[in-house]
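Enquirer: I would like the entire structure built from these sequences, with the hints used as guidance.
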Amino acid sequence: GCERSGARRLGLMLNEHSRVSISSEGGYIYRLRSSLSSHGDLSDPNQLKALYQDLRPYLEAEQFVSAPAFDDLLDWVGQFGANPRSIITFFGTWRGGIQDRKQLAWWGIAASYYRCDLRYLDSLFSDCKFILVVRDPRDVFASRKADCGSDFLTFRDEWEESILQGLLLESYVGSRRAIHVKYEDLITKPRGQLQHLCRFLDVDYPNEPFTALQDEFGFSRPHGTRNGLTQDEYDAIGMRLHSPMRLWGYLSHDEYDCFSRLQLRRIANGQSERLKNLVGKRARGSRPLPRLEMISRHWTDISPVFILGQGRSGTTLLRMMLSSHPKIFISSEGAYICPLRSQMPMYGDLRDPRNLEKMHKDLHPWLEAVSYLNPPQLENLIEWVGRFGCDERSLITFYGTWEARTLGKNDLAWWGDNEPSHVFNIPYFKKLFPNAKFILLIRDPRDVYASYKTAWPGVHTAESSAMSWQRCLLDGALAISRLGSATVQQVRYENLVRTPEAQLKVICRFLGVEYTDAVMNFYETEAAKHLSQAEHHLSKNVALPVFKSSVGRYRQVLTEEEVATIQERLSFPMTYLGYLSYKEYDEVSRDKTS
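The working numbering numbers the first residue of the sequence shown as 95 and each following residue consecutively.
Honestly, the hints are just simulated from the structure, not real lab data. Treat the hints with caution; some may be incorrect.
To be verified - SDA-like cross-link-like pairs, simulated, lysine to any residue; straight-line CA separation at most 20 angstroms:
1) Lys223 - Arg179
2) Lys223 - Val267
3) Lys525 - Gln357
4) Lys455 - Ser488
5) Lys276 - Ser206
6) Lys677 - Ser128
7) Lys525 - Asp395
8) Lys642 - Ala580
9) Lys642 - Leu652
10) Lys525 - Cys352
11) Lys677 - Lys239
12) Lys599 - Met614
13) Lys421 - Leu501
14) Lys239 - Asp329
15) Lys223 - Glu264
16) Lys223 - Arg271
17) Lys455 - Met440
18) Lys196 - Phe174
19) Lys143 - Ser131
20) Lys525 - Glu349
21) Lys421 - Val553
22) Lys455 - Leu467
23) Lys143 - Ala163
24) Lys223 - Arg102
25) Lys196 - Phe158
26) Lys421 - Phe604
27) Lys452 - Asn363
28) Lys525 - Met438
29) Lys239 - Arg102
30) Lys421 - Phe158
31) Lys143 - Glu156
32) Lys525 - Ser436
33) Lys452 - Tyr441
34) Lys452 - Ser488
35) Lys525 - Asp351
36) Lys239 - Asn321
37) Lys503 - Asn363
38) Lys455 - Gly483
39) Lys599 - Ala580
It should be emphasised that the depicted structure is a prediction, and the values quoted were computed from it without experimental measurement.
Expert: Shown next, in the form of structure tokens:
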């Protein structure tokens, strides 16, 4: 886990088991990996001694009762070899050896995630296991602030990165080898958690030594240090991390909702002027429609599916594909949900047509950005409210299903939305629409930035694009972990354009609808032609068949420095997702540790 997450405390607890030995820091692994190449052939005693001297400051941090001497290391290397796995095992098992634990089942380390690279350890010890400790970020920051005065940005980045690394690792190696433990559960329910961990490690639970732990360590209340935070710090953590905190259960829905609405209000205020300028430039080509009859069915009972992910990851392409299915219609980037949700209380009773008119008028710039073939009018909204009510669920459903109704798609199994930033609001949508599903699109972050750079020069730097990509992946991966694969489906952009039919069949199964070839002919629809001709829109290619040339396009668009920036920042997730080979990852991550 991240610093101050409780990993060391868990290490002390597990050390009470006669068949487990956990070292306290593991910093020597960090140093060993970064300096290994400078020490030459470690079977040479002189080179081995130079390495030992290099590691001594890190070994002292382990606080061994009796530290290993160089001669001990030399004897070990003579028996087991001088490779990194052997040397790390020597230091890692030393504590258990001097305690004469001859029946050791596990040795390990309890250190911050960045000290001992998870991917590196997985490559060395293919049968190792990982216990990933998670703690409320407010308590992590309060503890770090009290201990060493940690700054907020450093803490935030490390907490987010540790959570993401743990989620990706768990997904990669499976639940048999990786498990998450909440610090709060460890403190408030130690016996149950330790029994669970003993089952995970396949060792017996020794009742007496573990029962004595509560007195020995003097467990405090889980939130005992939080009063060290200022209100501004408390609010900053909630504003940034409200979605993952809600998914982990660290915020109630009401607390989450408060932070989320405030965040959306700031976003809405910042984007409103840009949207007004956008609307002024838009070509108006909508055609008048005959008055729509309100179909006598319960539109609000149809569940939505949200297509999420970092912008420029293929959300529009997938929207057009799925909207070509007779049972599905996905509305275009429902940015209107942001101001609707954040400002709805200010309009008062929306059963009053005057209040409803003001709300609809204020949403106009956001609705224009949706690129409706025929935008909804006030009288359509008034009629809807009279039939289905004026709560958030009803209003979002009105705008989200409008286009489907204008096209006569009245027998839907799913309606939806493909606004990428909805990835940060999954708990809100899951609460509002309990049967909603989510499709998380993931694309090579180098190609994502190349697409941004081409479409909106200057809007992102390589660093800011990488940070945004990582945050989208964090919220999406956490949703998969906490809500399950029956609710959240992960789709790779590269697979979608290389093998579209196979991917769309998987998505149709996920949504419980029958696959049809119509989804492959999306580019022939009127909606695709309309969208490709919109002056402000950057999805010109939706009126073309799927093509693969966008994969790897970063090689023609980005500089070497930009590629290096992204790969250094995102080496861990890119490797687990297959965007970097282990060799590439090893080179990048070694440079980071040196």
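Enquirer: What hint numbers does the structure not satisfy?
Expert: 8, 11, 21, 30, 37
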